[in-house]
Each structure stands twice: as structure tokens, then as C-alpha cells.
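**Q** Construct all of the structure, not just a fragment, from the sequences and the given hints.
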Amino acid sequence: MQVEKDQDVVPFRNRVKEFAVKIKMGLVNQTKLITAASELVRNMLKYANGGEIEIEIISRGRDNGVKLTFKDKGPGILDIKLAMQDGYSTGKSLGLGLPGAKRLVSEFDIKSILGQGTTITVIKWANG
Amino acid sequence: MQDNIFQILQKKKDQILEVWIKTQINSPDLRDELISNEDLRSSCEELINNLMSSLNEENINNPHSPDFDGVNEILAGISFSQAKKGFNPRETAFFIIGLKEALIHVLQEEVSDPQILFSESLKLTRLMDNFSIITFETFIRGREEVILRQTDEISEISTPVIRIWDGILALPIIGTLDSSRTQIVMENLLQEIVETGSSIAILDISGVPAVDSLVAQHLMKTVSATRLMGAECIISGIRPEIAQTIVHLGIDLSNIVTKATLASALKFAFRSMRLEVKAVVAKENKNS
Amino acid sequence: MDRIPILRMGHFLLVTIQVDLYDRLALNLEADLVQMVSKTSAQGVLIDISAVSIVDSFMGRIIGNIASMCKIMDAHTVVVGMQPAVAITLIELGLPLKGVYTALDVQKGMNLLTSMIGSQGEDEDEEEDDFDS
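Protein chains in written order, with my numbering: chain U, 1 to 128; chain B, 129 to 416; chain G, 417 to 549.
Just so you know, not all the hints are guaranteed correct.
Said to hold, decoys possible - In the DSSO-like style, the derived pairs of lysine-lysine whose C-alpha atoms are separated by at most 27 Å in a straight line are: (1) 212(B) - 349(B); (2) 212(B) - 24(U); (3) 524(G) - 46(U); (4) 141(B) - 102(U); (5) 524(G) - 349(B); (6) 81(U) - 212(B); (7) 524(G) - 395(B); (8) 514(G) - 102(U); (9) 111(U) - 5(U); (10) 514(G) - 387(B); (11) 387(B) - 24(U).
If you're looking for bench data, these hints aren't it; they were derived computationally from the structure.
**A** So, in C-alpha cells, the structure goes:
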């Protein structure tokens, strides 16, 4: 789905929740996933003026998970390592978005090309 | 005119069943306390009927043919339930291998030409071996299920939250704290705090064999989460060797209330809730 | 534009957040609340977030901001009723909300505020002992 403005955040969070509920994810993990999603969406809105998010359900053995792919066409991230550090921010925020989101999900992958955009993929397993 | 083996097998179905069941009943490995003869007979019968009706010239060489889905399903069901009932692998193997023996035994009586007998039994053996593999896969899956359920149960019972006083919870942690366990501990504790409206929680770690920096981090997370909920968290049961490792590792627990024993933690909790424990026949009240 | 209602109860202000906040709403709340504190010269602010299922770093920051702003206007802020899942998530996120007082429910938050104001100026040590240890 497409996210372009502030008001899109809440419906997006609800969509993620629907998926998480569908695979019977526990409440705490649900909250973690949605919070992480919220952080990443916020980044996308702030630095890239929105982008596209894909939500899908994946499975690995007997474990199910939700996979979110965030794609934007923003300025990209100059130094991913630095951006992943706690407390680093180019905007006026706490600098917890990326590293915090990473801690909240099971798998986290970030690719960024300067001037072309950033793609972040996160996976949260139902039990993990 | 020689009947083809399928017709033979079809005709001799009952005989196969008898032979099969007899081998199983006579086998010293069969534990009749686990399965009654009637149950055994009915599951054998179901399997043979299904096998006979799906077996034909084309699929005998192709054990993966969808025609056998029914057979596979029955086999899977049987071995899955056997695994859960606590059958050992030998017994489960004997079940399916016994069928092979019975089939070949009957075939041997009926087919006189050794050439045909050999080639047909080879085909049958191959098919039955494949069924054995399936039996085993599901048997192991059944066992794994049992293990997983037990793991869940263990983590469930290993984190009891005890209400030791109105508004005071205690949580004795026994065994190693890893991140998945911390999560369960934290969830149970916080849930219980909400349900009981408790304002103080005591985490007793006297049953934790070792505290390294990771465990300490997990403990601190639990304490901070409790604080966010609006309750205070005390860590008690710090044994001398744990105190040593904590300091040697340079872990800072200074902003957490720690007590040596559960008793002193409880005393601290009473004090901060302005409660007083008194002996009933106190002649002099020192605390006035 | 939607607004979160701010209720006045004696010396205190009570804010009950019933919806999932989006950023604009949270920023409005911050501004409104500071206005109200100054207008009513309230001594305490109680924020009930028991119905909030998601607190991300932005929301956390707003809560922290509100607490700090009220603090310099001489009002205490207590956040009450945080969901367990939210608390765990905040810790994992690395946001322990330092400097924000918390309580289990509105009643306990009220008591906390009352005792904070009651003990103000009289016995600072005691206050520290009870609520900040």
C-alpha cells in the first residue's frame, strides 16, 4: 500500500495488525511489530515524503511470520552503519527509529542507494 | 492363465490381513497395554483396504503417485498417534514392515514362477519401503510435537508469579535466563501486575545459576518495563558469587533496588508501602 | 481537526487518550496541554494511556516533552495505565521514559500526585524515598 501523509499511518498500522492477528501472533510480538512498522513509516514520511509498503505472510517450517517491505524514492542513507546507531539522527528526533525497529523485529535488512532511495525489509516471526 | 499380482493380492486380502496381524500379535515387541487387538485389527484393515483399492499396474513403480495419498494419510495418522502414545520406533517400524512380510508371504504361495515372483516382490518391497520412510517421517514429527509441547509447558510452569501480599508480587526465577525466557517472565509479571494492581514486584534470582552481562541486561529490561507500568521492581537473592561476577563484569545495577534475600526484599516492600509487621505479644513497642 | 479532551479536576488535569494517536494529534495535545497548565495553573497532569496499544519513539518523545514542559511550569506529570505489551516494546526500543512518573491506574496516579504536591517543600527526601527509589 501507498503511504504519503500522516493520516495514512494509522490505517497502515491497522493493516499490519490484521496480518499479525491472522497468523495468531502474540500480543507482545504484535505490539513490537506494529511499533517497528510505525517507526519505519515515520522515517519514510519524514525523509522521503512517503513510499510504498508491501505486507505479506511468510512461513518457515511450522512458524509463520509477517514480512514488511518499505520502499521509498528518497535521498537514501549516506552511512547505514551510522544510521543504525542509537541516538544518531539527522532530523530532530531521538535517533531511535532504525536501531529501535531492528531490535523489535526478528530479521532486518536495509539497502540504500544515495539519491535513489531506500528499501528496508523486516520479518517478525509469530513466536520470536 | 496367470492372474496378475494385483488380482491375487485383492483376492487374498483377508489372508494377508490375518498373516499380518498374527505376526504382530506374536511378536514379543507388541505391548498390548498400548493398543488393543481390536484397534490393531481395525487400523490394519483400513490400511489394507485402502492400499488394495489404490494399487494398480501403473503406480506400483511410483510410490509418489497421488493414488497413494489415502494410504499415506492413514499411515501418517497411525504413526503420528503411535508417537504420541509413546510407542517406540521399533514397534512402529514393525507395524509397516510386518505388512511387507505378509504381502510377500502370500505372493510366494500364489506365484510359482520364480522370475515373476522375484520381480513382483521387488516392486512391492520398493513401494513398502517408501511407506516405511513416510511412517518414520511422521513418527518423528509426532515426537517433535510432543517435545515442543513439553518445552512450552516447562517455560509456562517455570515462571510462576506469586502474590505474597496485597500489592506485592514475587517471581522466583529458576534456571538460566535467555532472551525468550525473559520475554515470558516479563509478560507474565506485567500481566499479573495489571491484574492484581500490585505496586511492588520482587524478582528472586537465587535459582539462577549464573549472571552474565546478557542476563543482567535482561533483568534490567524487566525492571525498566515494570517501572514504565508504574510499579517498583526489587531484585533479591543475589548470592555472593553472583555479586562478584556482576562487579567483575562491570555491570551497573546501581539504579536498581537489590537485596540479598527475599526476606529483606519483602521487608523493604513493606516499608515502602508503610506496612509494619509486629509480633502479637509484644510487651514493649520499640517502634513508636 | 480532532482534539484530545483535557479535563480539569481540582488542581489536576486529566487526559485520557482513547484513540491511536497520529502525529498531528499528538502535537496538538502537547500544545493544548501546556496552554491548559498555564491557564489553570494546575499542579499535576495525569495522562491515561490504558487504551493506547502502540507507543513508538515519536509518541514517547511527546510524552517526555510534555513531562519536561510541565516540570518547568511547576506541574508534575504522571503517566498511568500503560499496557504490558507497550512497556516491553518501549524498553526494547530503548526508550525507558526517564524522568516520567508512572502509576498503574488513575487512582494510584492521583494518590501519587497528591502526595507529591503534599510533600513539596516540606520533605523532599521522603518523596525521593517513596517514589524514586
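**Q** Are the hints correct? Go through all of them and say.
**A** Quick rundown of the hints versus the structure:
1. 212(B) - 349(B): Since the Cα atoms of residue 212(B) and residue 349(B) sit roughly 39 Å apart, the hinted pair is violated (cutoff 27 Å).
2. 212(B) - 24(U): holds (25 Å)
3. 524(G) - 46(U): Given pair residue 524(G), residue 46(U) is violated - Cα atoms ~38 Å apart, limit 27 Å.
4. 141(B) - 102(U): Violated - the C-alpha atoms of residue 102(U) and residue 141(B) are around 62 Å apart, more than 27 Å.
5. 524(G) - 349(B): holds (23 Å)
6. 81(U) - 212(B): Violated. Residue 81(U) to residue 212(B) sits at ~49 Å, over the 27 Å cutoff.
7. 524(G) - 395(B): Distance ~22 Å between residue 524(G) and residue 395(B) Cα, so the pair holds.
8. 514(G) - 102(U): Satisfied, since the Cα-Cα distance of roughly 22 Å is no more than 27 Å.
9. 111(U) - 5(U): holds (23 Å)
10. 514(G) - 387(B): Given pair residue 514(G), residue 387(B) holds - Cα atoms ~23 Å apart, limit 27 Å.
11. 387(B) - 24(U): Violated, at roughly 39 Å.
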